[in-house]
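**Q** Throw the hints in and build the complete structure from the sequences for me.
There are 2 protein chains.
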Amino acid sequence: MSLLKFHRPINGVLLDISGVLKDGTSVIKGSIEAVNKLREAGLLIKLVTNETQETRRSLAQSLASLGFSVEEKDIIPPCPALIRLLIQEKLRPHLLVHPNVMQEFEGIDMTNPNCVVIGDAAENFTYENLNTAFRILMDLENPRLFSLGRGRYYRQDRDLMLDVGVYTAALEFATGVRAEIVGKPQPEFFKSALEDMGVKPEEAVMIGDDIVSDVGGAQDCGLAGVLVRTGKFRPSDEAHPCVKPDAIVDNLAKAAELILQNK
Amino acid sequence: MSLLKFHRPINGVLLDISGVLKDGTSVIKGSIEAVNKLREAGLLIKLVTNETQETRRSLAQSLASLGFSVEEKDIIPPCPALIRLLIQEKLRPHLLVHPNVMQEFEGIDMTNPNCVVIGDAAENFTYENLNTAFRILMDLENPRLFSLGRGRYYRQDRDLMLDVGVYTAALEFATGVRAEIVGKPQPEFFKSALEDMGVKPEEAVMIGDDIVSDVGGAQDCGLAGVLVRTGKFRPSDEAHPCVKPDAIVDNLAKAAELILQNK
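Just so you know, the protein sequences line up as chains A and B, in that order.
With the numbering used here applied, the first sequence covers 1 to 263.
With the numbering used here applied, the second sequence covers 1 to 263.
Source of the hints: derived by calculation from the structure; they are not laboratory data.
Glycine included, C-beta positions come from ideal geometry on N, C-alpha and C.
Treat each hint with caution, since some may be false.
[Stated by the list, open to error] Only part of the chain A face toward chain B is listed, based on derived beta-carbon distances under 8 Å:
#1 Phe-105
#2 Leu-130
#3 Arg-155
#4 Asp-159
#5 Ala-170
[Unchecked claim] Chain B is faced by these chain A residues, among others (derived, beta-carbon under 10 Å):
#6 Gln-103
#7 Glu-106
#8 Gly-107
#9 Glu-128
#10 Phe-173
#11 Thr-175
**A** Right, here's the structure in full:
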């Protein structure tokens with residue numbers, strides 16, 4: 001892959017976490033140094049993740065314990081955005097989410113649910129739990145299904161793991177309801193990260209291992225999209241029928257080099 | 001719904017089992033007598049089912065114990081057709097099916113699988129089992145996914161239950177592989193039932209509670225399709241955007257009346 005020449009100055013960098021900074025509990029080689037170099041060069045960084053198995057606080061803690069200089073405020077997961085939306089629209093969710101993130105929904109009225117929220121529930125994606133969510137949607141006059149991302153799979157240590165998008169597709173097929181996505185690749189999600197940083201889309205780059213949610217989503221929003229060959233990357237992603245990354249590089253260290261060369 | 005006038009003589013009747021003859025373990029009122037009347041009038045009957053939680057033998061036994069005069073040879077479930085296909089194409093399946101039907105696959109080579117077969121696995125649809133099937137498909141150079149039906153849900157006693165089609169949609173979304181369906185609404189499945197009976201499509205009617213798999217599938221194959229308001233029927237089915245049944249009746253007893261009036 002030839003090197004990307006950014007035609008405009010890059011001021012903001014959005015990074016995916018899983019598959020870019022770390023794989024499961026292992027640091028991806030060179031990524032700690034890459035984050036430091038980008039910061040030292042004066043670039044603003046946000047970690048834009050669809051992670052819904054952990055709270056923002058525990059994500060920050062686990063990244064810090066791996067050696068990343070990252071604070072809670074640098075991390076943008078979909079849960080806070082969803083909770084703002086639930087409150088704003090007076091929605092009472094039934095949750096099909098990971099036990100670790102239940103605490104994020106404290107204070108939200110969940111009696112007599114009028115919508116379903118699905119996150120990366122992992123082992124909680126039992127037949128029984130999926131049936132319960134399905135029946136609630138079928139009983140609602142105006143069913144609404146909110147999904148924390150549309151990812152197909154991610155890599156956890158050595159294995160590919162099914163992600164929330166797969167179970168969202170299942171509930172959509174079962175109920176005929178189209179899910180409303182909160183998280184990547186939803187444009188509002190990228191935009192809110194950029195607004196936080198005070199950076200325009202054309203001054204920003206998203207670096208991720210998901211060709212559709214990271215790269216395609218960012219490009220649709222006017223950012224440059226860089227695909228890394230780590231995490232869930234598969235060689236077939238380089239010939240994706242719809243999404244053409246602005247660059248494909250071996251890892252975050254190479255992506256940082258590329259960005260800094262263009263400064 | 002006005003009564004259907006069949007323009008040609010009806011010689012063969014295909015019946016769905018679940019939601020037409022019985023609901024869970026309860027006989028649907030009048031259905032035993034309806035089957036008997038149809039037979040007495042000289043009509044040929046086959047039970048065309050996507051049931052994959054039981055073998056053909058145990059299905060026949062449970063229907064007989066409920067009072068239906070039904071033999072094993074009258075029942076056409078998708079498993080035997082699938083097994084013929086596996087043998088013919090030298091396929092070694094990984095099975096994601098209900099434990100009750102594992103025995104149907106005895107003698108089939110399952111070492112080093114080169115395809116995945118998904119049935120109505122119910123409680124066996126765990127996150128772990130779905131991940132295993134997903135990873136096998138992702139590792140195959142030429143992945144093939146066979147699904148025993150494309151049903152969205154069925155009614156079991158009082159509850160709607162997710163059906164195999166939902167998990168098939170999930171695996172399709174995760175892998176990008178389009179499933180090959182064996183069972184309703186696949187045209188070959190209806191055709192093979194008709195051939196068994198020596199009846200032409202235009203002399204046959206399919207009676208079911210699934211607007212898409214039963215009624216739509218049969219109509220696509222040239223049969224008349226009658227929807228019953230039992231089983232998983234929901235009032236919204238009467239205004240289905242694509243499928244217009246030849247008749248909609250309260251139950252099998254009414255459907256039988258209609259057919260016999262037209263004899």
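**Q** Holds or violated: Thr-175(A) as interface residue toward chain B, Cβ cutoff 10 Å?
**A** 8 Å, holds
**Q** For the hint on Gly-107(A), just tell me whether its beta-carbon gets within less than 10 Å of chain B.
**A** 29 Å, violated
**Q** Return the status of the interface hint for Glu-128(A): holds when the least beta-carbon distance to chain B is below 10 Å, violated otherwise.
**A** 8 Å, holds
**Q** The hint names Phe-173(A) as touching chain B; please verify it with the least Cβ-Cβ distance against 10 Å.
**A** 4 Å, holds
**Q** Once the shortest beta carbon distance from Asp-159(A) to chain B is found, is it less than 8 Å?
**A** Hint holds; Asp-159(A) Cβ to chain B Cβ min 7 Å, cut 8 Å.
**Q** Go through the hint on Arg-155(A) and say holds or violated, using the shortest Cβ distance to chain B against 8 Å.
**A** Status violated, d = 11 Å.
**Q** Measuring from the C-beta of Phe-105(A) to each C-beta in chain B, is the shortest one below 8 Å?
**A** Interface hint status for Phe-105(A): violated (21 Å vs cutoff 8 Å).
**Q** Does the closest beta carbon of chain B sit nearer than 8 Å to the beta carbon of Ala-170(A)?
**A** Ala-170(A) check passes; min Cβ-Cβ to chain B is 4 Å, inside 8 Å.
**Q** Restraint: Glu-106(A) near chain B, CB-CB cut 10 Å. Satisfied or not?
**A** Since the shortest Cβ distance to chain B is 25 Å, the answer is violated.
**Q** Holds or violated: Leu-130(A) as interface residue toward chain B, Cβ cutoff 8 Å?
**A** This interface hint holds because 6 Å falls under the 8 Å limit.
**Q** Does the interface hint hold: is Gln-103(A) within less than 10 Å of chain B, judged Cβ to Cβ?
**A** 22 Å, violated
Of the numbered hints given earlier, the model fails hints 1, 3, 6, 7 and 8; all others are met.
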